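Those protein sequence lines, which keep their order, are chains V and P. Take the first sequence: its letter number 67 is residue 66 in numbering that gives the first Met the number 0, and every next letter is one higher. Take the second sequence: its letter number 125 is residue 124 in numbering that gives the first Met the number 0, and every next letter is one higher.
It is worth saying that the hints were derived from the structure and are not from the lab. Here the structure is a predicted model, which is why all the values come from computation and not from measurement. Beta carbons are placed, not taken as given, at the ideal position from N, Cα and C, and that holds for glycine. There are no misleading hints in this set.
Calculated pairs, DSS-like style, for lysine-lysine (alpha carbon to alpha carbon, straight line, at most 27 Å):
(1) V:Lys194 x V:Lys123
(2) P:Lys113 x P:Lys205
(3) P:Lys13 x V:Lys194
(4) P:Lys150 x V:Lys75
(5) V:Lys127 x P:Lys13
(6) V:Lys127 x P:Lys20
(7) P:Lys20 x V:Lys125
(8) P:Lys56 x P:Lys70
(9) V:Lys62 x V:Lys75
(10) V:Lys194 x V:Lys127
(11) P:Lys205 x V:Lys29
(12) V:Lys194 x P:Lys20
(13) V:Lys194 x V:Lys125
(14) P:Lys205 x P:Lys117
(15) V:Lys123 x P:Lys13
(16) P:Lys117 x V:Lys303
(17) P:Lys113 x V:Lys29
(18) P:Lys13 x V:Lys125
(19) V:Lys303 x P:Lys113
Computed spacing ranges between beta-carbons, pair by pair:
(20) P:Gly156 x V:Thr25: 31 to 41 Å
(21) P:Phe292 x V:Ile257: 34 to 44 Å
(22) P:Pro22 x V:Leu78: 55 to 65 Å
(23) P:Ile196 x V:Ala183: 23 to 33 Å
(24) V:Lys125 x P:Leu220: 38 to 48 Å
(25) P:Pro62 x V:Leu235: 22 to 32 Å
(26) V:Trp173 x P:Ile98: 21 to 31 Å
(27) P:Ile98 x V:Thr25: 19 to 29 Å
Far from chain P by the CB rule (all over 10 Å, computed), these chain V residues:
(28) Leu78
(29) Ala183
(30) Val185
(31) Leu189
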Amino acid sequence: MEEMIQTETVLSEEKKSHKHRKPKSTLSDKILITVFYVTSTLFGLMCLYPFVQVLISSFADEKALLAEGYKLVPSKWSLDAYRVLVNANEIWTSYGVTLFITIVGTLLTLFITVMAAYVLSGNKIKYKNFFNFFFYFTMLFNGGLVGSFILISDILHLTNSIWVYILPASFNVWNCFLLRNFFAEVPEALIESGKLDGASDITVLFRIVLPLSLPAIATIGLFSAVAFWNEWGLGLLYITDERLYTLQYQIVRLVQSIDAASNMANSGMGNMGTTFEPPANTLRLATAIITIGPIILLYPFLQKYFVSGLKVGGVKG
Amino acid sequence: MSDDKSVKKKTSLKDFDVIRKWPLYLMLFPAVLAIFIFSYIPMVGIVVAFERYDPFKGMFGSPWLGLENFKFFFSGSSWLTVTVNTLYLNIIFIVSGTIASIIVAVMMTEIRNKAFSKTAQTIMTLPNFISWATVALFSLIFLAEDGIVNKVIEMFGGDPVAFYSDPVVWPATFCVIRIWKGAGWGAIVYMAAIMGIDSSVYEAAKMDGASRFQCIFRITLPMISNTIILLFLMSVGGIFRGDFAMIYPFIGDNATLFPTTDVIDTYLFRALRTSNNMGSNMAINLYQNILGFLLVFGANYIARRFSRESAIF
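Here chain V stands alone, though its shape is the one from the complex (with noise of 0.2 Å):
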């Protein structure tokens, strides 16, 4: 016992005097970290390489770029490109409708599933148990896309509907539970307190839960958001009215067809002349650049938070 004792207070002993001493490190440590770095670093890289290349290309001039292809330095820069996508309207129009089913979905989805996520926390009603499972079900089993076809056109008629983007999509059950574990760790002495108060189930939660929670609920928002503004499938299946596309709708038919591009640059071009060819290729690009904007913009703003949120609710989940 005594030597077991003796052994321990010489390893902490040494444990000590190890952090004092600059910590050694051996030539394979060495190179291993460097393999690291460079690797890295080259990763990180070819993560950026794309955005930077095609930022460039859609400054660059359409004949030279088909005549060179895509390089860092084109030979000619040109904004015909952007200076065509100002007068494409049906980007505008897609522009709308994308920037109205984010934010009005996102507010939305946000809204449901908070109030969801509150009452199933911790034990405030009854039936808890079976609410989690009707719920819970529905990770496991659904009608498909085919059920939701014959609901949305047959049933609900919301085809050609901005609304087949929002409704479907108002409650997440996945984020529900997320936010449902983090609720769970407000303290039930702080909802007690406010009840005593004689605050009601709705002001205690706005007033003490959600404050304590957001970075989960901003973690849900941007999850939310995002996946709003990338959408592009719905419009595939149900839209068939121009004015009613996405943004991603219009780049899924942008990839596909180099013709839509053209059509879309003779329509921008307008009254600036024919002197010069339509810039398809460059506009596509172009039209790339414009809808990952607003995501770029918000993304670094966000990112503190969704790391913490993530944590916390994805490791437990």
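Assemble chain P onto chain V, guided by the hints.
Leaving out everything else, chain P in the frame of chain V:
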């Protein structure tokens, strides 16, 4: 006696949780309604798989066909192609994605320079937030015949690859693109697991003369194996769901690429847009859903047995 009764009556009304706590149930109502409409009603639509569906006659008025729709789907050869493609693509995506994410997570946690790893992380997670449609558009400038990838191949003396007419290259191409888009994001959860390891373990190993390389393989990876297995099981549960959102923007209706890229979901999407035979569409859908359900259930069962605390549900 009569007093007792009235008291009892009062309490029995209040016994209904729904009435006593009506504001809470009201708050839950929109979510219940949304799930009922958008998840449960489509489940009823499954009956269509056994009918010759006519939207005017409705789900319950259409003529009954029995298993005719299933016979139609399984008598062709496409069901085998799309099933094999779905499984094959998902398996290589899961394996390559998991390995890439773990490598990124290990590198990011081994690099002690905070500013460097933060910047690197910001850049590596960025591609996760752009849509597959935009990624497909980005890819045009890389994969086109005169694109950047072919320029590089030619620089090293290779033969250019015709990406948009050669089905063979797509599984590998998708793997690379998925790693580009998702490895940085996928690494976050592994990083959280690595940072949860008790640092005294590393200190002890260091004192015994372990190199960093040994620490990674003898401490880090074994310590996060639970997380790895759990996430692996979760993704295996979704193995019957083809990634339509990724595949369609790249492939679209380019039938020359279908042999390696057509999955159940893209097949179904095409069927929905081109055929009016909703019954057979539903049959395909049901086939996928039942297999998917069994797999999710099985995966969860194994996860639960493997580690009670970390079971998903």
